[in-house]
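In case you want the letters, here they are:
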Amino acid sequence: MSEQPLEVPESRAWPQEGSTTRVPYWIYSDPEIYKREMERIFRGPVWCYVGLDAEIPKPGDYKTTWIGDRPVIVVRDEDSSINVVENRCAHRGARLCWAPRGNSSEFKCPYHHWSYTLKGELSGMPFRRGVGGKGGMPKDFDLAANGLRRLRVHNEGGLLFASFSADVEPFDRYCGSEVLSYVQREFSGRPLQVLGYNRQIITANWKLYFENLKDPYHATLLHAFFVTFGLWRADAESACVSSEDGKHGVMISRNRDRAGVDETSTLSSFHSELVLEDKDTVTPRREFADGKVVGITLFPCVVLQQQANTLATRHLIPISPSQVELTWTFFGYADDDEAMTRLRLRHANLMGPAGYVSMDDSEVLNQTQIGATACPDDRAVLEMGGKTADNCDHMVSETLIRAFYNYYRTVMGL
Amino acid sequence: MLTRVILDDLNARYAYALDSGKLDLWPEFFTDDCVYKIISNENFGLGYPVAAIYCDGIGMVRDRVVAIMQTAVYEPRTYRHFVGTAHITGQEEGGVTSEANFALYESIAEREPRILFVGRYVDRVVMADGAPRLRQRLVVYDNYRVFNSLIFPI
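Residue numbers (the working numbering), protein chains in the order written: chain A, 1 to 414; chain B, 1001 to 1154.
None of these hints come from the bench; they were simulated from the model. Predicted model only: the values in this text are computed from it and were never measured. Beta carbons: idealized from backbone N, C-alpha and C, even for Gly. One or more of the hints may lead you astray.
Said to hold, decoys possible - List of simulated lysine to any residue pairs, SDA-like, C-alpha gap at most 20 Å:
hint : chain 1 : residue 1 : chain 2 : residue 2
1    : A       : Lys279    : B       : Ile1068
2    : A       : Lys279    : B       : Met1069
3    : A       : Lys279    : B       : Val1066
4    : A       : Lys63     : B       : Gln1070
5    : A       : Lys279    : B       : Phe1044
6    : A       : Lys63     : B       : Tyr1048
7    : A       : Lys279    : B       : Asn1143
8    : A       : Lys279    : B       : Val1035
9    : A       : Lys134    : A       : Lys119
10   : A       : Lys63     : B       : Asn1143
11   : A       : Lys279    : B       : Arg1062
12   : A       : Lys279    : B       : Asp1033
13   : A       : Lys58     : B       : Gly1047
14   : A       : Lys63     : A       : Ser181
15   : A       : Lys279    : B       : Asp1056
16   : A       : Lys108    : A       : Gly60
17   : A       : Lys119    : A       : Pro100
18   : A       : Lys279    : B       : Gly1059
19   : A       : Lys63     : B       : Asp1033
20   : A       : Lys63     : B       : Asp1056
21   : A       : Lys63     : B       : Leu1046
22   : A       : Lys63     : B       : Phe1044
23   : A       : Lys279    : B       : Val1065
24   : A       : Lys63     : B       : Ile1058
What the hints assert, rightly or not - Covered stretches of chain A (chain B as the covering partner; in silico rule of three or more C-beta atoms under 8 Å from a C-beta of chain B):
hint : stretch
25   : 28-41
26   : 188-196
27   : 222-230
What the hints assert, rightly or not - Chain A stretches covered by chain B per the calculated footprint, using a threshold of three residues with CB under 8 Å from any CB of chain B:
hint : stretch
28   : 277-290
29   : 361-374
30   : 392-402
Please construct the entire structure, taking both the sequences and the accompanying hints into account.
Take a look at the structure:
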């Protein structure tokens, strides 16, 4: 935490009227709020998703990514443990690793060749003793005090998390037992294989994206494709579950088929005339014993997606108050058969920047950002499913968003 | 005999169909056993199969058109393709392999036009039913990220 508190103007007071059900629009565009989020949330006592261990299988394999606005390197050490260090030379601040991925036995800054071990320890620099008795670093220069900033790391069944904070809770307590059980359902330690990435810039505040995955209500209306093919329907058995403090959320549903919807259906987005030639695109194979479809928002920066047979992590990397990079890492299990991989790739058509359903989201979130930015002093109304933030056994509810903002206000001091 | 001129003509008609919003004509450019993908250069280079749009067979190509027209929710926009000269990279059974560079501009009301995609087509072209058709079109894009949404085929 910084010693200097960030000033947020007095006018930035949370609406008094039904504070759990009202969200002021200035939180989506105010640069001071954004700065405070970077400091208190992304560099605060949280576990930030940084990747899958399947992305860096061999010693020396690394990937570069971001935690909020800070560049980091995620690397597998010689002993196979995972290190996360800031991607910034301790000398002049230049980014050390320039490529998105690679393999290396050390990190050497291209600028003045300062070298670091895979743990981020400064191992040396050229001309440390000068040349011909001239120049060089002072005798008392302490290599050990000038390494890269090293973050705490947690590996949960192949999901990698890092934290800038020394005070962050252990991961199991950070999640809470119920949310953790849903994480472990998909990430049990069964080896994963990466199937590829989709990277997009969402032209909306990062929280709007997070809220979208805490809002099962919209999915039954906006996503006609989901509704028509039974992949997400208001009449499916479902639930909304938050961690006790409200920061994480789980949306649970079930894939159905088209059966059970008649002409008098109240499912307004159901298109009975729509038929696909490739039935496999909308016909999942059962793979989890509980038959559930589960979407998890793990605070602050990852969505764990399981829909039909497409599995992905969606990593949120805020760029500015009005833009967030969304990196989708699609994966399967290393022991998937060929038929399952084929389905995972077909079902990936639902997701990403051109996804049959997620395209609707990137479009509508941009419109929300435009509207909210235009009227920062107005506020959103979140009363679907009641005024509390309790768990519920249906999807016609905004309870997970209400729970999220109860937590957010505490962390942000709003 | 598939010549560069024939491929350029195919690409010109293809771009015209998409730019003028005649989505229903788009499947006509493919063979029944086609593969169509819009895939990042990153995935393509790493050998990862995931694509932004993935069609394996003409049925999935037609499905994409139906879904865009009937279920997708998006802000109205215009796409404009600029396709470079085709380069024949090889001969194979029944046709040729070829590549062509492209740029795609997106125009939306109240905003400036933007280069939405830049990349190359990696094609396999054959003669089928009396016309040159795509047995494979991999739309390999150089962008590291997609700006917001990709609505229509490229």
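Does the alpha-carbon distance linking Lys63(A) and Asp1033(B) stay inside the 20 Å limit? With Cα atoms ~37 Å apart, Lys63(A) and Asp1033(B) exceed 20 Å; violated.
Whether chain B covers the stretch 28-41 of chain A (at least 3 residues having a Cβ closer than 8 Å to its Cβ atoms): As far as the stretch 28-41 of chain A goes, the hint is violated, because 0 residues have Cβ atoms under 8 Å from chain B.
Hint consistency between Lys279(A) and Phe1044(B) [alpha-carbon to alpha-carbon, up to 20 Å]: It is violated: about 26 Å lies between the C-alpha atoms, which goes past 20 Å.
Can you confirm whether the C-alpha distance between Lys279(A) and Val1066(B) stays at or below 20 Å? holds, 14 Å
Taking 20 Å as the top limit, are the C-alpha atoms of Lys63(A) and Asp1056(B) close enough? violated, 31 Å
Is the straight-line distance between the alpha-carbon of Lys58(A) and that of Gly1047(B) 20 Å or less? holds, 18 Å
Three residues or more, CB to CB closer than 8 Å: is that satisfied between the stretch 392-402 of chain A and chain B? Since three or more residues must qualify, the claim that chain B covers the stretch 392-402 of chain A is violated, with 0 doing so at under 8 Å.
Are Lys279(A) and Gly1059(B) close enough, with their CA atoms no more than 20 Å apart? holds, 9 Å
Pair hint Lys108(A) and Gly60(A), alpha-carbon separation not exceeding 20 Å: holds, 13 Å
Outcome, coverage hint (the stretch 222-230 of chain A, chain B; C-beta under 8 Å; three residues): holds (count 5)
Verdict on chain B covering the stretch 188-196 of chain A, criterion of 3 CB contacts below 8 Å: Three-residue rule met by the stretch 188-196 of chain A, so holds; n is 3.
Within a Cα-Cα threshold of 20 Å, do Lys63(A) and Ser181(A) meet the stated pairing? violated, 28 Å
Hint check: violations occur at hints 4, 5, 7, 9, 14, 19, 20, 24, 25, 30; the rest are consistent with the structure.
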